[in-house]
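Asker: These are the residues of each chain, in order.
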Amino acid sequence: MEIPKELEKSADDAIGHYPPEEKRSAALPLLHLVQQEFGFINDDAISWVADKLAVEPIKILELVTFYPGFRQKAPGEYHIRVCRTLSCAMAGCHKTMEKICEIAGIDRSKVSHHDPIAVSSDGKFSIEFAECLASCGTGPVCLVGDDFHEEVKPENAKALLQQYK
Amino acid sequence: MAVSKKSSEDLVNVQVDGHWIRVPKGTRMIEACKQAAAEVPHYCYHPKLTSPGNCRMCLVEMGMPPRPTPGEEAELDAEGHAKINWMPRPVIACANTVAEGMGIRTQSLLAKECRQGVMEFLLINHPLDCPICDQAGECTLQEYSVEHGNGQSRFLESKVKKPKNVDIGPRIRLDDERCVLCSRCVRFSKEVVDDDVLGFVDRGSHNTLAVHPDRKLENNYSLNTVDICPVGALTSNDFRFKMRVWFMRETKSLCTGCARGCNTLIGSREGKIYRQGPRENNKVNSAWMCDSGRMEYHRLEDPARLTDPMIKRGRTHNVVDWTEAICRAAKDLSRFKGDELAIIASGGMTNEELYLTRTLAESLEAGVVDVVKRSGSGDDYLSHSDKNPNVNGARKILKLRSPGSRLKLIHAGIAEGKIKALLVLGEDLLDIGFSEEELGGLKCMVLVHMIANPTAKMSTVVLPGAGYAEKRGSMINATGRLQRLNKAIDSPGLSREDWEILQGLNRAVDGKDEVTELVDVFGEMTSAVSIFKGLSFAGIGDLGVDVMDTGESVPLLEREAKRVRDGLIVG
Numbered sequence: 001m002e003i004p005k006e007l008e009k010s011a012d013d014a015i016g017h018y019p020p021e022e023k024r025s026a027a028l029p030l031l032h033l034v035q036q037e038f039g040f041i042n043d044d045a046i047s048w049v050a051d052k053l054a055v056e057p058i059k060i061l062e063l064v065t066f067y068p069g070f071r072q073k074a075p076g077e078y079h080i081r082v083c084r085t086l087s088c089a090m091a092g093c094h095k096t097m098e099k100i101c102e103i104a105g106i107d108r109s110k111v112s113h114h115d116p117i118a119v120s121s122d123g124k125f126s127i128e129f130a131e132c133l134a135s136c137g138t139g140p141v142c143l144v145g146d147d148f149h150e151e152v153k154p155e156n157a158k159a160l161l162q163q164y165k
Numbered sequence: 166m167a168v169s170k171k172s173s174e175d176l177v178n179v180q181v182d183g184h185w186i187r188v189p190k191g192t193r194m195i196e197a198c199k200q201a202a203a204e205v206p207h208y209c210y211h212p213k214l215t216s217p218g219n220c221r222m223c224l225v226e227m228g229m230p231p232r233p234t235p236g237e238e239a240e241l242d243a244e245g246h247a248k249i250n251w252m253p254r255p256v257i258a259c260a261n262t263v264a265e266g267m268g269i270r271t272q273s274l275l276a277k278e279c280r281q282g283v284m285e286f287l288l289i290n291h292p293l294d295c296p297i298c299d300q301a302g303e304c305t306l307q308e309y310s311v312e313h314g315n316g317q318s319r320f321l322e323s324k325v326k327k328p329k330n331v332d333i334g335p336r337i338r339l340d341d342e343r344c345v346l347c348s349r350c351v352r353f354s355k356e357v358v359d360d361d362v363l364g365f366v367d368r369g370s371h372n373t374l375a376v377h378p379d380r381k382l383e384n385n386y387s388l389n390t391v392d393i394c395p396v397g398a399l400t401s402n403d404f405r406f407k408m409r410v411w412f413m414r415e416t417k418s419l420c421t422g423c424a425r426g427c428n429t430l431i432g433s434r435e436g437k438i439y440r441q442g443p444r445e446n447n448k449v450n451s452a453w454m455c456d457s458g459r460m461e462y463h464r465l466e467d468p469a470r471l472t473d474p475m476i477k478r479g480r481t482h483n484v485v486d487w488t489e490a491i492c493r494a495a496k497d498l499s500r501f502k503g504d505e506l507a508i509i510a511s512g513g514m515t516n517e518e519l520y521l522t523r524t525l526a527e528s529l530e531a532g533v534v535d536v537v538k539r540s541g542s543g544d545d546y547l548s549h550s551d552k553n554p555n556v557n558g559a560r561k562i563l564k565l566r567s568p569g570s571r572l573k574l575i576h577a578g579i580a581e582g583k584i585k586a587l588l589v590l591g592e593d594l595l596d597i598g599f600s601e602e603e604l605g606g607l608k609c610m611v612l613v614h615m616i617a618n619p620t621a622k623m624s625t626v627v628l629p630g631a632g633y634a635e636k637r638g639s640m641i642n643a644t645g646r647l648q649r650l651n652k653a654i655d656s657p658g659l660s661r662e663d664w665e666i667l668q669g670l671n672r673a674v675d676g677k678d679e680v681t682e683l684v685d686v687f688g689e690m691t692s693a694v695s696i697f698k699g700l701s702f703a704g705i706g707d708l709g710v711d712v713m714d715t716g717e718s719v720p721l722l723e724r725e726a727k728r729v730r731d732g733l734i735v736g
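Sequence order for the protein chains is A and B. Just so you know, we're using the working numbering here: the first sequence kicks off at 1 and counts up by one. Just so you know, we're using the working numbering here: the second sequence kicks off at 166 and counts up by one.
Bear in mind the hints are in silico, worked out from the structure with no lab data behind them. Heads up, the beta-carbon is just placed ideally off N, CA and C, and yes, glycines get one too. Watch out, some of these pointers could steer you wrong.
Unchecked claim - Among chain A residues calculated to face chain B with C-beta under 8 Å, some are:
hint	residue
1	Pro-57
2	Lys-59
3	Glu-62
4	His-113
5	Asp-115
Unchecked claim - Label pairs and their calculated CB-CB ranges:
hint	chain 1	residue 1	chain 2	residue 2	range
6	B	Ile-289	A	Gly-137	52 to 58 Å
7	B	Ile-289	A	Lys-23	36 to 42 Å
8	A	Asn-156	B	Ile-289	39 to 45 Å
9	B	Val-311	A	Gly-105	45 to 51 Å
10	A	Lys-110	B	Glu-723	22 to 28 Å
11	B	Gly-598	A	Asp-44	32 to 38 Å
12	B	Val-710	A	His-113	26 to 32 Å
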């Protein structure tokens, strides 16, 4: 894995925010930087972060597997996160999920707790369920990359995906 | 009349299950309960490790005296203590410390319900494989299930599947489904041996103990994690599936792998040792020992163990009975005097054996007596670079100023033809720099050893001895502590405890007719060797006594003492 100079620099900046003996505190900021850069965090990246912070790689693997926001596998060009917490579930998010998958050509049959992300065959879209995205009055809601979308009913799915052609 | 008991500066009054006790300030609630003989069940708490308080098994009810209204006196109970206001919520006893006037209830309905709840959660995803689990019989989950659990499970859903039979290190297997996530192993690896390779991946009910794919739990102290694992998640490759724990007899003894003298428990059944683990001694090894030390017992299983006394006739060794062997050895050795006879003893011998060697050397007027040095790599924890367990005993009893330094005199003596006879005790001379040629020139060589080694092949009389777990005796470790070895199993065949062999040789040489026990040998030694003055064999006890000041300390104990001072651990 090639670490761009820019990333190296912003990582060092992030580490500089903490006292030298508490370097480990920069673990989460570093993981966010890595995921922003590569879209996901692979084994090499985990080892790189661990080396940067002088901790054992398991300590970084703990974090990556704990937080659902961190991905260990490459997502599609656009990554969709559909909220499935109570309000959105009642508002029909599962139907929305099915519809999006159907249109984008995503097969979710292999998805599991340990491997929650499914990618479309053309690699354009990837999708996973997320927990509450904090807009319970306007469900079902979802995130496409960093864009927030409300009231994504199954019939709006097509229009949603067309924005990312 | 009720008298208000003021707490002295270092002690505070604590009420445990209705009884008032006084404990030092800063005592953890769980330790105060222990002192009051009230057992508080726990998984994650271990006195030698930090207390994260994550298992919640030690929840108890706690109360404090209320602060009285200004100008008013506190309301007192019949014993003169301030009345306790009980808190509506339970607290964990492991990470909280006591305070003056605190009340703890370990048997209240609330405490019992908490334990029941924790047990129910722990058993939700726990496999029901106790019949084939190595921990069965010494598993706290099993024990607490009986004592604090529910008779029936209310869980109807399917259990979460986790990795099983995971190879996390060369000596350890992990069963993640059995793990109760107490994190003792994680903390031990990080805090005690500075090898932070264990961690928890995933979350919620999928939370799993793991090593990083590129790392292994392979430090020389890894098997301690198996000991402190309260369940059967971590098991030792050496021990698993070999013996049910309740069939084993446990013998308190010592590890003889190096000069540390770690206190051990040897688990054996019907003449076979199945495992050896640490026994807590805060003056020697805390609660730990190294992996290589645990494996020492396999030496006793050497296929080349000597089982019968033998005398060499021509080129072959013939089996003879003990009387003949001892008489022959004594006769042969007695033919040589002074510079003609040398004795090579071992730093692995017990004090009693060394003392009998000394008396034998005196009767035979042996010219040179020495032991063999055995150095290796030590570490900054427990393992010592001196791989002999009792060089300090040899120093004092054989009066050796610099053990091993006289071996070159023996080499020279043999080369000059001056030394004609050798008595070798517990050593393989061909392994320590003597050559076949050299030894071939001797008129007589008597060997006491447990293994048919190359030296045995060259010896004129071979007397089969016992291994460290097959005999009793005492040793002095690197820090000058006198400790006892105990016999866990019998030595094979007709072999004997080395002190008996040496006693036999002594009697055959000096012609006295006395029956003695090992304790009598120790008794004799107390008047002959000044450091043992006033001691008795029984007085050594299970934990030993300091008899010498060697100026050495145990690095691991020093760090532990610092963590105790810093309030991180109980110790």
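Asker: Which earlier hints can't be squared with this structure?
Answerer: Hints 5, 6, 9, 10, 11 and 12 not satisfied by this model.
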